[in-house]
Amino acid sequence: MPTFVYMTRCDGCGHCVDICPSDIMHIDPTYRRAVNIEPNMCWECYSCVKACPQNAIDARGYADFAPLGHSVRVLREESKGTVSWKVKFRNGEEKNFVSPIRTTEWGSIKSPSEYDVPSEESFKEQELAHEPEALNIPGLPDLTLKASDQEAQ
Amino acid sequence: MGLFARRKTHFVDSDILVIGGGMAGCGATYESRYWGRDLKILCVEKANIERSGAVAQGLYAINTYMGMQWDENQPEDHVRYARNDLMGLVREDLGYDIARHVDSCVHKFEEWGLPMMRDPETGRYQREGKWQIMIHGESYKPIVAEAATKAATEVYNRIMVTHLLMDKTTPNRVSGAVGFNVRTGDFYVFQAKAVIVCAGGASHIYKPRAVGEGMGRTWYAPWSCASAYALPIRVGAKMTQMENRIVLARFKDGYGPVGAYFLHLKTYTQNGLGEEYESKWYDHTKELVGDYIDRQPVPTCLRNHAFLEELKAGRGPIRMVTKEAFQDPHKETVGWENFLGMTIGQAVVWASQNIDPKHTNPELTTSEPYVMGSHATCSGAWASGPEDCAPSDYQWGYNRMMTVDGLFGAGDTIGGAAHKFSSGSFTEGRIAAKAAVNYVNDLGTNAPKVSETEYENLKKEVYKPMENYEVGRNEIVAGTVSPSYILPMQGLQRLEKIMDEYVGGIGANYITNEPLLTRGLEHLAMLKEDLDKLGAEDLHQLQRAWELQHRVLASESVTHHTMFRTETRWPGYYYRGDHPKLDDNDWHCFTLSQYDHESGEWELEKAPVHHIID
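Chains A and B, in that order, give the protein sequences.
The opening position of the first sequence corresponds to residue 1 in this note's numbering, with each subsequent residue numbered one higher.
The opening position of the second sequence corresponds to residue 1001 in this note's numbering, with each subsequent residue numbered one higher.
Here chain B is said to cover these stretches of chain A; the calculated rule only asks that three of the stretch's residues, wherever they fall, bring their Cβ under 8 Å from a Cβ of chain B:
#1 36-47
#2 99-110
Okay, the calculated beta carbon distance ranges per label pair:
#3 B:Arg-1234 / A:Ser-79: 43 to 49 Å
#4 B:Val-1211 / A:Gly-12: 29 to 35 Å
#5 B:Gly-1472 / A:Lys-80: 51 to 57 Å
These aren't lab readings, by the way, just hints derived from the structure by calculation.
Given the structure is predicted, the values throughout are model-derived calculations rather than measurements.
Glycine is no exception: its CB is placed at the ideal position from the N, C-alpha and C atoms.
Let's have the full structure, built from the sequences with the hints guiding it.
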């Protein structure tokens, strides 16, 4: 379902332009509001719909195979940590779903440079950052014996 | 004076240049910083890393997690699984390497704030299947991007990287990349000591099932434009298994995922008459592939094969039997949230067509082929393996370094290692990055230099479609028909038609043969010539023009590889009509190719498959 933009709700802020992975949300030069310039390159990923502060963007199923009269609306609330969905069928039936999106504060991830500097010898070992601790097992598995078996063949 | 001459050029020097900010690119950026505290680390992305790559809209499952902490699986088990699924041919060293590290990545995702579902009885991650765990992953990508953004010296969004640059003096050594800013139109020259290609695989090289407004609803993201392959191919990096395209059996029209349906909700398929059909094709499939049909789980391509044969026998459509499972309200919620979390378009299709799986068993379909290195398929660059367990002929340098010095890769870019998915791609990015930091540290003062001649020539090439358009546009009154240029979409549709008809797309029932491939290459050669006459009206179209360039080069590679492998290794993905059977005597091996940009010639060779795990 390619996205489209409601004329009376869009204020041309450009959040959708900034986020669209397909580069198809642009500001229309005449109306100064957002428009999907290439609906057949829209993946229906809803990144723009979620990003719109005015709830001005909606989607209408691809004309090739989606009959009219449906809607799938989303409300993504970072402050609550949830995403809410309302699925409305062509026949009027409705379904609602709510899921968590994040368990920590936005911006709370530590930069890798905040961890202790790795030792010189660890550069030549196979362990990656935070290993083996982050594996929750005593050590990184290795195949050394089996590899030498293979070479002996 | 050409249009290109008016474009500003920015020079950016770096130690490590990560191209593509998807899952692999974020992993590479994060790990580069951990090991390279004082290095200048750049991540360059053609969209916005907060919502870019294949995981842009989220995921409802992480498909690769060992669970070593609970002794659920060991890395060796995953290698056996991937090898079995790919009909015997995987780089076991690369797969093992990803599998042994992947759990630490997943644990970090949870620490960073990704909501994991847990089994209420055991308290462990909720399993969807043996390898898959279930997540509430709407914000999977923004979370991972936050980690990468904190790690990078700078993230450059909205820069489409078009070409890699080679060292001015030492042959076969990378020195950076060029691209253009999709918003400002400025030209960028990135000089780097090591480059990690983490770009996307290929959608839209084959004609999709929907060709109108719905052509964007491909299974793999429409923005995955084969940069993963075109960038290394053009500089002569060896590629492997490029014939190993993937076809997906998915819910019809929306390509909604079936993993949770099969594995967790325990739904199953039947034909149009309401019959089980896979077992009917057992003897027939055994004649084609021998004992591979007896392996468990049945390889993905062979399940596709039964699906396709059943349709050809006139007993479609194939449906997923959901009515039983969906009577359970919990399962119904999981089924819907599964789509809303990663393929919203499928929910839209069902809402529009009044398909409530509680009352209707939805249809399935098989997709057009895709070329990628991270799903149940393993196309990509031929890379050096881990120092401690790669056989000697799989090792020529640093881990995940391609056959070009200083050029690393991860995710869709690296071939031979199937079943990475999101977590494995992130993991491979980390593996490549640690190796790249070691490479940079070992270089000392011997840094590569970009050549002014090279980047100035590329600058002209990059903006040529805008010049073509500006000149050619004056010839015609209006409209899209010009005798002097073709628009990117017109070129894309020609590519998709060639690949569909000659290289085993849906229109040909996935069948091809040597005469068809030969003719396909002739068409591709003419298309390649016409790419010099691409016309781009604006910067958005210029991006499309370069996406098409990347897709065409990757398609040429796919076609040569398909020609070279004279067997049908993966029935259900594609068929060589002139070599309909699997041939382990001659073809239990990898295919390798190398492209010479100057001559336009491709060289193909075989490489052995080493089984380092029982």
